[in-house]
Structure formats: C-alpha cells, structure tokens
Amino acid sequence: MRVFLVQTAHGLDSPSGGYKSNYGFINQLRSYGHAVAQTCYAFDEEIEECAAKAKDKGINPKVDRLPNIDFGRNPKTGLGQQVRVTKFVDENQILNIAISRHLWASYLGKEVTAETKAYIEGNDPSSRMANLINMYSTQIAEFQPTHVVFNDGLTMKITEQMLRSAGPQSSLKFKRVCVVHSAEQLPFGPFCGGLSGHCLSADSENEMMKGLDGIWSVSKGIRDYALTHGNLQTSFFVHNTWTYLDEGNIPMRRNNVDKTEVGLINACALKGLPIFVELAKRLPHIQFVAWMTWGSKQVYIDQLRELPNVKIESATKNTERDIWDRVKVLLVPSLWNEAWGAVITEAQLRGIPVMASNAGGIPEAKIGVPYLLPVNGLTGATDPKTGEYIVPKQDITPWEEALVKLMARDTSEYEQLSDYTARRTVQWIRGLDHRAQEKWLLDM
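Residue numbers for the sequence shown follow the numbering used here, beginning at 880 and rising by one.
Hints are computed from structural coordinates only; laboratory data are not their basis. Note that the coordinates shown come from a computational prediction; the quantities given were computed from them, not determined experimentally. Fair warning: there could be bad hints in the mix.
What the hints assert, rightly or not - Once the Cα atoms are required to be at most 16 Å apart in a straight line, the calculated EDC-like pairs of lysine to aspartate or glutamate come out as:
{"hint": "1", "residue 1": "Lys1160", "residue 2": "Glu1185"}
{"hint": "2", "residue 1": "Lys1138", "residue 2": "Asp923"}
{"hint": "3", "residue 1": "Lys1138", "residue 2": "Glu1157"}
Stated by the list, open to error - Quick list of the computed label-pair ranges, beta carbon to beta carbon:
{"hint": "4", "residue 1": "Ala1009", "residue 2": "Asn953", "range": "12 to 20 Å"}
{"hint": "5", "residue 1": "Arg881", "residue 2": "Arg1309", "range": "24 to 32 Å"}
{"hint": "6", "residue 1": "Ala1020", "residue 2": "Lys1099", "range": "35 to 43 Å"}
{"hint": "7", "residue 1": "Glu928", "residue 2": "Arg881", "range": "41 to 49 Å"}
{"hint": "8", "residue 1": "Lys934", "residue 2": "Thr1139", "range": "33 to 41 Å"}
{"hint": "9", "residue 1": "Lys989", "residue 2": "Asn947", "range": "17 to 25 Å"}
{"hint": "10", "residue 1": "Ile938", "residue 2": "Leu1042", "range": "30 to 38 Å"}
{"hint": "11", "residue 1": "Ala1081", "residue 2": "Arg1043", "range": "28 to 36 Å"}
{"hint": "12", "residue 1": "Ala1020", "residue 2": "Asp1274", "range": "49 to 57 Å"}
{"hint": "13", "residue 1": "Ala1045", "residue 2": "Glu1267", "range": "40 to 48 Å"}
All C-beta atoms in this analysis are idealised placements derived from N, C-alpha and C, irrespective of residue type, glycine included.
From just these sequences and the hints, can you work out the full model?
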C-alpha cells in the first residue's frame, strides 16, 4: 500500500493525542513495508531538528523547499504573503510535506474557517484557499497513494474533487478513509462542531461522509454515537499499538511510589479542570502539577496561579522525563465526550495509577483498572455569549476519597494498584491484533 496521511494538529511533535496516534499508525504501516507520507504544519526550526535527528540515525533527510503558497497581499500592510512548504524524510523514514506554521499569521482562524466552509458548501474557493488546495492535491497526486487518510472536512472535499471523472486527476484511484477522534468532528448529534475547526458544514460533510471508503472510530463510544445520531456505520479499532509502544516495545515500567505530585495534562474545562482545582483546594498538603497544551487558555492558567500547591508547566516533547518520571498519580477528570483518552493508556502501561472520569470513551481506555469515578458530563449545551460548553457542577467527594488513599503514607494500596495497572495494561495491549488496521485497509 501507499498511504498518505493529512495531519491537522500544529507541530511535528504535537501534544495532540490524535496527531500521535495518526503518526504511530503510519509509522507502524511503514514497518510492515508499506510506503507512507504525511502533510503537517511546522516551523523551520522544527524541520531542522527533525532533519538532524534523521542524520544522526544515518538517514538522508532530503530536505527540499517546494514552491511557496501565495496568499496575496496583506490588506493592512500591502505586502505580499508567501507560506513556505518543505519536503523532508524524518528519522523513521517517513516522508513529510510540512507547511510553515506561519500560515496562521497570514490566514487567521476566522478567515480560514469561513473560506473553508464556503469551499465545502459551494465548491468556489477564494484565491488563497485555491492555492492551498492546489498544494494538497498536487502532493497527494505525486505520491500516487492507494489510500488517503484524514480527519477533516477540507481534505474530504479535496479528495472527493480529485476523484471526480471530469477532474484533472481523475486517473488517480485511491481509497478515502476518515479517522474519527472526537464527537465534535461528526456532522450530527449534540456535540457537532462544538470545538473550533471541527465540522464546519454539517449538511455538506454529512453527505460527503456517505461516499467514503472507510470510517474508523477510535472507540465503541464514538462508533455508537455515529450510529445513534447519524445512522452512520463506522468501523471500530482502538488506536494502533505503536501509538503507545516504542516501535513495538513496551515502555519502561515506573515505580513512582516515592514521588509527591498529582498531574493533569491539558489543563482546561473540557479536561476536568474544575475537579482538579477543587481537589487542590481541599488537599493543600498534596502537591499538584498541570501541563498546558491545546486547551489551556489564559483564564485557566490564572486560576491555577492562585493555588500555592500547584505547579504550572508548558507542554513538553520529552514526556518520559518530564511527566512519567515525575507524577505519582495522573488525573483524567474529563467532562466531555472524550473518544478514548490516550494519556490513560500511556500512564497505565508504565504502572502509574490513573484516576479517570466515566465520560465518553474513557471507561474503554481504563480497561477495568481502578479508579473510574463519576462526573456530570457535558451535554453539548453551550454558553450563548462565549460559545463555550456549559460545565455542570461536580461532586468532588469520590475523587477526594480516592486520591487520599493513593497519596497516603501507607503506600500498600498504591503499590498494589501500580503493579496491577502495569500488568493488566501490558496484557491488554499484547492481546490486540497489531495489524488490524492494516488488514482493514487492504480489504477495501
């Protein structure tokens, strides 16, 4: 196979769980002998760093500057706007077509959203959108894929247009596969478009999804949501195993019984920040640490700064050193309809106890390992002023009781749970069909 992946997260080492699982998916396919490539967003320094890593492994990164994307003149300055595109091979021998992240300085969020929506609905792109579309379609065509994999409406529209009989690339034959990482991505149901950039045109995207060759739901919860709210049949596969394994190897087990911190990754309301904050207030003798990633707005950072027993950390590329070597307990008190919760699997494989909510697909990720705790989940209702999800009040008591047990001076319960967590999660991941997604693509 020749599999072309379109990434939407920003950065070559994005903290996004969707980005990591997408990359692990094509890297695993590459290890089986298939040709793979991805488009992504990156700054020049990220590309240079990746190229250096490839060279250190004896791989020629073959860095090649492609023609810039022309975005016309800046209406404020009158200066021309050009966005770099760079092709290179990374340390895993994956071909990357990287669009400069400076794109978002030239193409502001509201503008790209409006113009993408107009293209999806009316097939009449603006000049700069047309140039972006041309870059994508040209790179896809040059790769000659058997499959194009994506999780966004823009790529769904571009690939649909490419395969039309009257189009300039109509000789191409490839399968179109959408990976569903969130309920917001789907063009129906109470969470449709609830996050910025997700599902820009429900009616058009709903119709386009019917023409896809495959739709992959990363949890049973997402699969059931699609069937219940959209009568849409999808195929359920958990994340490919290389999302969590280092080229197939189980990560190093941690013995963090002597650590003192309770962690939260992606501090924001969706991820249960109200529960985290209240626990920190109720348990001032316990040290907490929160990592800021894609959902961490300034208002949340300001909340955390008021708490003397909470440390605030930026997103990190080195999760082994900066997170898994550090935390004693991981909190995943998500309130939204989370598809899976990749950090749960990452932590549990290393023997780090995870206290997680019962929202969305998180119970699936917990695989029966304690602690799974109740929350009042989001309903999809939004604040008419801010457009943000309305966060219901929470009962903190079950969370407080469980955390007190795990952080007690008597460490026997912690040690037993840590041991069981690692053994059960390793057993689970070894029992998965590591080539399930590959077989699915081959059978299309």
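Against the structure, the hints come out as follows:
{"no.": "1", "hint": "Lys1160 with Glu1185", "in the structure": "10 Å, holds"}
{"no.": "2", "hint": "Lys1138 with Asp923", "in the structure": "37 Å, violated"}
{"no.": "3", "hint": "Lys1138 with Glu1157", "in the structure": "21 Å, violated"}
{"no.": "4", "hint": "Ala1009 with Asn953: 12 to 20 Å", "in the structure": "18 Å, holds"}
{"no.": "5", "hint": "Arg881 with Arg1309: 24 to 32 Å", "in the structure": "29 Å, holds"}
{"no.": "6", "hint": "Ala1020 with Lys1099: 35 to 43 Å", "in the structure": "36 Å, holds"}
{"no.": "7", "hint": "Glu928 with Arg881: 41 to 49 Å", "in the structure": "27 Å, violated"}
{"no.": "8", "hint": "Lys934 with Thr1139: 33 to 41 Å", "in the structure": "40 Å, holds"}
{"no.": "9", "hint": "Lys989 with Asn947: 17 to 25 Å", "in the structure": "23 Å, holds"}
{"no.": "10", "hint": "Ile938 with Leu1042: 30 to 38 Å", "in the structure": "33 Å, holds"}
{"no.": "11", "hint": "Ala1081 with Arg1043: 28 to 36 Å", "in the structure": "22 Å, violated"}
{"no.": "12", "hint": "Ala1020 with Asp1274: 49 to 57 Å", "in the structure": "55 Å, holds"}
{"no.": "13", "hint": "Ala1045 with Glu1267: 40 to 48 Å", "in the structure": "43 Å, holds"}
Violation of the numbered hints given earlier is confined to hints 2, 3, 7, 11; the remaining hints are satisfied by the structure.
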